[in-house]
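J.: Sequence:
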Amino acid sequence: MKTINKLVSIFFLFAAMFVMAQPPNPTGGSGTVGPGATASPIDMYVYALGIIAVLFIAFFTRRYTAKKA
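Residue numbers -21 to -1, 1 to 48, in mature numbering (1 follows the signal peptide of the UniProt record, and there is no 0), belong to the letters of the sequence shown in order.
It is possible that some hints are incorrect.
Claimed, not checked - In silico BS3-like pairs for lysine-lysine, Cα to Cα no more than 30 angstroms straight-line:
hint: 1; residue 1: Lys(-16); residue 2: Lys46
hint: 2; residue 1: Lys47; residue 2: Lys(-20)
hint: 3; residue 1: Lys(-16); residue 2: Lys47
hint: 4; residue 1: Lys46; residue 2: Lys(-20)
Stated by the list, open to error - Derived DEER-like restraints, expressed as beta-carbon distance ranges:
hint: 5; residue 1: Tyr26; residue 2: Lys(-20); range: 31 to 41 angstroms
hint: 6; residue 1: Gly29; residue 2: Phe(-8); range: 16 to 26 angstroms
hint: 7; residue 1: Phe(-10); residue 2: Val25; range: 17 to 27 angstroms
hint: 8; residue 1: Ala45; residue 2: Pro20; range: 34 to 44 angstroms
hint: 9; residue 1: Val(-14); residue 2: Ser19; range: 46 to 56 angstroms
hint: 10; residue 1: Thr6; residue 2: Leu(-15); range: 17 to 27 angstroms
hint: 11; residue 1: Lys47; residue 2: Ser(-13); range: 29 to 39 angstroms
hint: 12; residue 1: Lys46; residue 2: Phe(-4); range: 30 to 40 angstroms
Source of the hints: derived by calculation from the structure; they are not laboratory data. Ideal placement from N, C-alpha and C gives every residue a C-beta, glycine not left out.
Using the sequences provided together with the hints, build the complete structure.
T.: This is the structure we're talking about:
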């Protein structure tokens, strides 16, 4: 059962790499003038969310090892 869980996790990891959120910009024509795409609201919190994710991983790893020992 553990092998199937690992294989499914790896499958979803690689499948998520190929999923696109937005279609590519069309070629040609006139577009807006500016430095690029507008920022998403979540862009301000990327670093904070990364730190929170690392803290969650550390917390649950510590809790799991304490329960197992």
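J.: Each hint: holds or not?
T.: So, going through the hints one by one against the coordinates:
no., hint, result
1, Lys(-16) x Lys46, "22 angstroms, holds"
2, Lys47 x Lys(-20), "17 angstroms, holds"
3, Lys(-16) x Lys47, "21 angstroms, holds"
4, Lys46 x Lys(-20), "20 angstroms, holds"
5, Tyr26 x Lys(-20): 31 to 41 angstroms, "34 angstroms, holds"
6, Gly29 x Phe(-8): 16 to 26 angstroms, "21 angstroms, holds"
7, Phe(-10) x Val25: 17 to 27 angstroms, "22 angstroms, holds"
8, Ala45 x Pro20: 34 to 44 angstroms, "37 angstroms, holds"
9, Val(-14) x Ser19: 46 to 56 angstroms, "29 angstroms, violated"
10, Thr6 x Leu(-15): 17 to 27 angstroms, "39 angstroms, violated"
11, Lys47 x Ser(-13): 29 to 39 angstroms, "20 angstroms, violated"
12, Lys46 x Phe(-4): 30 to 40 angstroms, "37 angstroms, holds"
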